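K.L.:
Chain A is fixed; fit chain B with the ligand onto it per the hints.
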Amino acid sequence: MAHETEHTSHHPSFNQYVLIAIVLFAITIVEFVLIWDTARIVDHLGPSKIPLLVALSAVKFAIVIMYYMHLKFDNRLLGAVFIAGLALAFLVGMALIALFVGFEGNPRDYAEARALPYAEHAEETVGGESTETNHETDTPPVAAGPVAIAVSAAGETLAFDISSISADSGSEVTLTLDNPSANNAHNLVIVTAGTKDAVAADGTAAGPANDWVSPGDSRVIAHTALAGPGASANVTFEAPSPGTYQFVCTFPGHNFTMFGDFIVK
Amino acid sequence: MAHAVEQEYTTTGLNHRKLLMWVFLGSDCLFFASLIATYMVYRGQSLVGPYPNDIIDVPVTTISTFVLLMSSFAMVQALAATNADNRKATINWLLATALLGSIFIGFQIVEFNTFKNEGLTLGGNLFGASFFTLTGFHGAHVTLGIIWLLALAILGMKGRINSKTALDVELCGLYWHFVDIVWIVIFTLLYLIAGFDVGPVAIPGG
Ligand SMILES: [Cu+2]
Numbered sequence: 001m002a003h004e005t006e007h008t009s010h011h012p013s014f015n016q017y018v019l020i021a022i023v024l025f026a027i028t029i030v031e032f033v034l035i036w037d038t039a040r041i042v043d044h045l046g047p048s049k050i051p052l053l054v055a056l057s058a059v060k061f062a063i064v065i066m067y068y069m070h071l072k073f074d075n076r077l078l079g080a081v082f083i084a085g086l087a088l089a090f091l092v093g094m095a096l097i098a099l100f101v102g103f104e105g106n107p108r109d110y111a112e113a114r115a116l117p118y119a120e121h122a123e124e125t126v127g128g129e130s131t132e133t134n135h136e137t138d139t140p141p142v143a144a145g146p147v148a149i150a151v152s153a154a155g156e157t158l159a160f161d162i163s164s165i166s167a168d169s170g171s172e173v174t175l176t177l178d179n180p181s182a183n184n185a186h187n188l189v190i191v192t193a194g195t196k197d198a199v200a201a202d203g204t205a206a207g208p209a210n211d212w213v214s215p216g217d218s219r220v221i222a223h224t225a226l227a228g229p230g231a232s233a234n235v236t237f238e239a240p241s242p243g244t245y246q247f248v249c250t251f252p253g254h255n256f257t258m259f260g261d262f263i264v265k
Numbered sequence: 001m002a003h004a005v006e007q008e009y010t011t012t013g014l015n016h017r018k019l020l021m022w023v024f025l026g027s028d029c030l031f032f033a034s035l036i037a038t039y040m041v042y043r044g045q046s047l048v049g050p051y052p053n054d055i056i057d058v059p060v061t062t063i064s065t066f067v068l069l070m071s072s073f074a075m076v077q078a079l080a081a082t083n084a085d086n087r088k089a090t091i092n093w094l095l096a097t098a099l100l101g102s103i104f105i106g107f108q109i110v111e112f113n114t115f116k117n118e119g120l121t122l123g124g125n126l127f128g129a130s131f132f133t134l135t136g137f138h139g140a141h142v143t144l145g146i147i148w149l150l151a152l153a154i155l156g157m158k159g160r161i162n163s164k165t166a167l168d169v170e171l172c173g174l175y176w177h178f179v180d181i182v183w184i185v186i187f188t189l190l191y192l193i194a195g196f197d198v199g200p201v202a203i204p205g206g
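Residue numbers (this note's numbering), protein chains in the order written: chain A, 1 to 265; chain B, 1 to 206.
Read the hints as simulated data drawn from the structure, not as lab findings.
Remember, it's a predicted structure, so these values are computed and weren't measured experimentally.
Each hint should be verified, as a subset may be incorrect.
As a list, the in silico DSBU-like pairs of lysine-lysine whose alpha-carbon atoms are at most 35 Å apart [stated by the list, open to error]:
#, chain 1, residue 1, chain 2, residue 2
1, B, Lys158, B, Lys88
2, A, Lys72, A, Lys49
3, A, Lys72, B, Lys88
4, B, Lys88, B, Lys164
5, A, Lys72, B, Lys164
6, B, Lys164, B, Lys18
7, B, Lys18, A, Lys72
8, B, Lys18, B, Lys88
9, B, Lys158, A, Lys72
10, B, Lys116, A, Lys49
11, B, Lys18, B, Lys158
Just the calculated beta-carbon pair ranges, DEER-fashion [to be verified]:
#, chain 1, residue 1, chain 2, residue 2, range
12, A, Val54, B, Leu19, 28 to 34 Å
13, A, Leu91, B, Leu99, 33 to 39 Å
14, B, Val60, A, Ala113, 41 to 47 Å
15, B, Ala140, A, Trp36, 26 to 32 Å
16, B, Leu19, A, Phe103, 39 to 45 Å
17, A, Ala113, B, Thr133, 26 to 32 Å
18, B, Leu19, A, Ala87, 17 to 23 Å
Quick reminder that beta carbons are idealized off the backbone N, C-alpha and C, glycines included.
Chain B on its own, in the form it takes in the complex:
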């Protein structure tokens, strides 16, 4: 279980790569906060439909939210297996995480396509513009995470992932969980709270 990895001396006593990852995640919070706030500012300001209530499907998105939560669990198991030097379990859990992430992206592709067919476009109204920008950037984060997970799985098959290099998996895990918590926020605000908005009526308090 112990991290037997050689660590360079740093003034903070912390691994630079890990600290850097946390700094990146902290800054990514600002990125998503700007997009979320923009969505909230434009909430209820669309002059033409479709409006959220016309197209947002909360039950389906609840399922994809479960899938993403499940993937975070698989990610935790991948790191545990790496620390335990269980190569086979590491690869399987990494692939399982990537698969669950892909299912989530699959849900999103179907959702975007349905919305497009119902008339919601990036340039159609403020709802479309702010919705696609926010969820699209989140989807891009998930996609990047899937590529990272697959790369790790390939490294694992080559025998290069073990408890000595567990940090590689841990960093990917931090990124993956972060993408999960961003979705927790998006799901609550865009779907559970703002998903039933109708019409071009300004909603006080955003």
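Pulled out of the complex, with its shape left as it was, chain A reads as follows:
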């Protein structure tokens, strides 16, 4: 009780509260002018505007909790409880940001590069591949004349139903992509060996208007349009010189699991 009475008398007066409000307003105006392009200050500041803006808002934050919320005049335990929460909150935020920005901003790449196959999954994959291998040997689409090859997305899974396709060099290949998924869009892009991720990254930058393929990309041999859910797309091209190429879906993120080899004999 004694505390309360004693401290209450230290509360700012009406005029002081008005002053505090004016200071808060003034800081907000300064912040606005800092980023207002008409004021031209932002051009000079460059990236240094960020620490400046953060500092100004921290000052406002402190003024409100100290004066409006009376932490300056109140029992220190109340402040300690709040500051503890605030500090934890700050750490959680920083940890989250560090986690995602730390791996060169791409935790998914980081994880893909270091992924260890889970035993059960590995078995499934092996089983799946063996049937696909049969499939390949059963119907090797190797012919001198025009060849039709069908590739399908594996349902809702971000994978193709086949891991390898082949054709003879110089033959006219018609590649059909079937997309049975109810949600995902896919495309099928033939690229030179080892370039699938780089092509997909450039495709992401090129955007959906270009079917997620960078126009004029020299690594791209051929590509279908984007096949929406339930749709198909095809492309006809002449099989290039013998060698191993890759086929990949360049819809953002799909390239890590949706790809296979295109072998030209």
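P.N.:
Same frame as chain A, but now just chain B with the ligand:
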């Protein structure tokens, strides 16, 4: 001015309700920090538009920020009037705070609607998802505060708010100011700093 309110004995010498409010506010910091950090992690990661630079209107939001700052001032006056046993001023300042809060929410409704019409949706891209989640939860906090303020104003009209029960107003004030400081952070990060982001380009340092 003195708090003549009867206080129960506590080992800390502090009122339990007030301590509880501060604990709640401390934990609410964690809630908002998670949402803010999520926004920062996804910043610049949207693959399709609209991007912040296409739709964020900093001047308009600066005005609504002023409105919210003004409401905090009104809240302080409401508590001062309560402590001074000035019933009429208490009710008026409480209503003024609620009104200013409602204007802020009005700005937000118009903003959300404009953004929706320009193609920003919760499920459209990462910017929309993280933006609406964060500012939406803040708006919900403000709305709850408005209801609390109106309830207090009604109690005031019934003559149940005075210097003996000033803690009721003080707790609402703490909550209200907290919502204000959360907005100070959101305004700086989402509008002043990240409001001019363009395109799906990863921004180092989040
Ligand atoms: Cu795909």
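K.L.:
Hint by hint, where does the structure go against what was stated? Just the numbers, ascending.
P.N.:
Violated hints: none at all, because every hint is consistent with the structure.
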